[in-house]
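Peer 1: Chain X is already provided as a structure; the job is to place chain P on it using the hints.
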Amino acid sequence: MRYAIPVVVLVAMLVLLGIGLKLDPREVPSPLIGKPAPAFELPLLGADPEAPKLSVASLTGRPVLVNFFASWCAGCRVEHPLLMELSKQGVEIVGIDYKDAPEDARAWLARHGNPYRQVALDRVGQAGLDWGVYGVPETYVLGADGRVLFKQIGPVTPQAWERDIRPLLAGAAR
Amino acid sequence: MKPRPIVALLLAAFVGIAAALTPMEGTLTPEQDARYRVLIHELRCLVCQNQTIADSNADLASDLRKQVHDRIAAGESDDDIRRYVTDRYGDFVLYKPPLTARTAALWIAPFLLALLGIGLVLRLLRRNRSAPAAATPVDAQRLRQLLDEKDP
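If you're matching them up, the sequences are chains X and P in order. Per the numbering used here: the first sequence = residues 34 to 207. Per the numbering used here: the second sequence = residues 970 to 1121.
Chain P extracted, bound-state conformation:
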């Protein structure tokens, strides 16, 4: 019977911590919340540039999370929100930038490099397969010669 108040107090403290970590929970419908979670993982935090605003503790990231949250709550579409952010911070904030003339190299280069790599590998394989065939008769003859010498 005795420890109960302490347990209750501890639980209350944890509730407080949980509430602090997700201060905006409960104001979105489950579908909106799912969109929120997807969006904050798509947007880059400009202060700590290799983190999404979901991962970052920076002030700006939390401002942007709040912005995304409020705009979803206000009924804006995902595209509206992406436009709001890119109009101000540029395509750089999107981890998946749109395919434009400026970003074409970014999107196409990996495929070009992969093709180049495959081409190189195929060329090497073909060379290796043809090389031993040409050398064999000479080697075999020489080998036999050597073996005969050593065998008394």
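For reference, chain X alone in the conformation it holds in the complex:
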């Protein structure tokens, strides 16, 4: 009985340690969830500089995935086949090319395929900063009203698609 308290303390610490090991400190919850997507206005890839730009207003009206990617980003290669598959299924994906040279992005998309309805260029990363991006790839799910419903940090995995994103899109489309 004299060991009851130390044992209880030890067990409590082990349980907390176990929970701590399961948490991923890289996944910082976004405070933007439930809020309107931050404004931006970015030139489109392949358009001339005078052409209309991509803004948040053009993303409303239907649910859409906003995917921050870059040609120099390894994680983007990982999620790319899934994005291609989703775009074939009719999921609307808008790409934001983060801190990248347009010609590199174009070559990358030519080599791996282009799953994006539109690709906007965020050369200095200002839009990324405004959206709270801290490492590409990051993907935001926007509802039809332009609110952020979900943020995927790191590559979109099949599990994340099935568990988190698909139900949201299905709910937002209704």
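If you are wondering where the hints come from, they were derived from the structure by calculation, not from laboratory data. Hints should not be assumed to be uniformly reliable.
[Stated by the list, open to error] If you want the ones that stay clear, here's a sample from chain P, every Cβ over 12 Å from chain X, calculated:
| no. | residue |
| --- | --- |
| 1 | Ile1009 |
| 2 | Ala1027 |
| 3 | Gly1044 |
| 4 | Asn1097 |
[Said to hold, decoys possible] Heads up, incomplete: computed chain P residues facing chain X, CB under 10 Å, no partners named:
| no. | residue |
| --- | --- |
| 5 | Gln1036 |
| 6 | Gly1059 |
| 7 | Asp1060 |
| 8 | Val1107 |
| 9 | Arg1111 |
[As the list claims (entries may be wrong)] Derived, one-sided and incomplete: chain P residues facing chain X with beta-carbon distance under 7 Å:
| no. | residue |
| --- | --- |
| 10 | Val1016 |
| 11 | Leu1029 |
| 12 | Tyr1058 |
| 13 | Phe1061 |
| 14 | Asp1108 |
Don't be surprised by glycine CBs; every beta carbon is placed ideally from N, CA and C.
Peer 2: Frame of chain X; chain P shown alone:
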């Protein structure tokens, strides 16, 4: 007389390095610069999470430093800037998070643990002080007995 051009060249090179290290110096007033220095030591770099944006070389950290710099130059207050960053990255970017329901445990736990520790120490001290007093008469008697035996 000869080495002068070389010295000048070297000095010029060092000026170049210094300028590269602090590319934004000179555009803030001394008070603004002091605020800038305090702020960048308060904000966490999310790429390398245990460094402030002042310490980190990550791209994102330098972007955030520039953001802080530009916002100070534009006349925003420290609170405005903190709000800008936390609206996007959450309270996690602040090394000193505000006291809210979510962070209450973080702020209160150290004091609770300290109190607990002090309580334990006091209890141990009290036990130690009272323990020898109870044992002494028996020990003394036994001791005397042993000493008598050994002393012929």
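Peer 1: Give a verdict on every hint.
Peer 2: Okay, the hints, checked on the actual structure:
Its beta-carbon lying about 15 Å from the closest one in chain X, Ile1009 (chain P) satisfies the requirement of being farther than 12 Å from that chain. The non-interface label for Ala1027 (chain P) is inconsistent with chain X: the shortest C-beta to C-beta separation is roughly 9 Å, within 12 Å. Non-interface status of Gly1044 (chain P) relative to chain X is upheld: no Cβ of that chain comes within 12 Å, the nearest being about 19 Å off. With a least CB separation of 17 Å from chain X, Asn1097 (chain P) remains clear of the 12 Å interface cut-off, as annotated.
The restraint placing Gln1036 (chain P) at the interface with chain X holds, with a minimum CB-CB distance near 6 Å, inside the 10 Å limit. With a cut of 10 Å, the hint placing Gly1059 (chain P) at the interface with chain X holds, because the nearest CB-to-CB distance is about 5 Å. The interface hint given for Asp1060 (chain P) is met, as the beta carbon of that residue sits about 8 Å from the closest beta carbon of chain X, less than 10 Å. With 10 Å as the threshold, the beta carbon of Val1107 (chain P) stays out of range of chain X, its nearest partner Cβ sitting at about 23 Å, so the hint is violated.
Because the closest C-beta pair between Arg1111 (chain P) and chain X is about 27 Å apart, greater than 10 Å, the hint is violated. Because the closest C-beta pair between Val1016 (chain P) and chain X is about 6 Å apart, less than 7 Å, the hint holds. The restraint placing Leu1029 (chain P) at the interface with chain X holds, with a minimum CB-CB distance near 5 Å, inside the 7 Å limit. With a cut of 7 Å, the hint placing Tyr1058 (chain P) at the interface with chain X holds, because the nearest CB-to-CB distance is about 5 Å.
Interface hint at Phe1061 (chain P): satisfied, since its Cβ lies 5 Å from the closest Cβ of chain X, which is below the 7 Å cut-off. Annotation: Asp1108 (chain P) was flagged as interfacial toward chain X, and the flag is violated, the nearest CB pair being 24 Å apart, outside 7 Å.
When held up to the earlier numbered hints, the structure conflicts with 2, 8, 9, 14 and fits the remainder.
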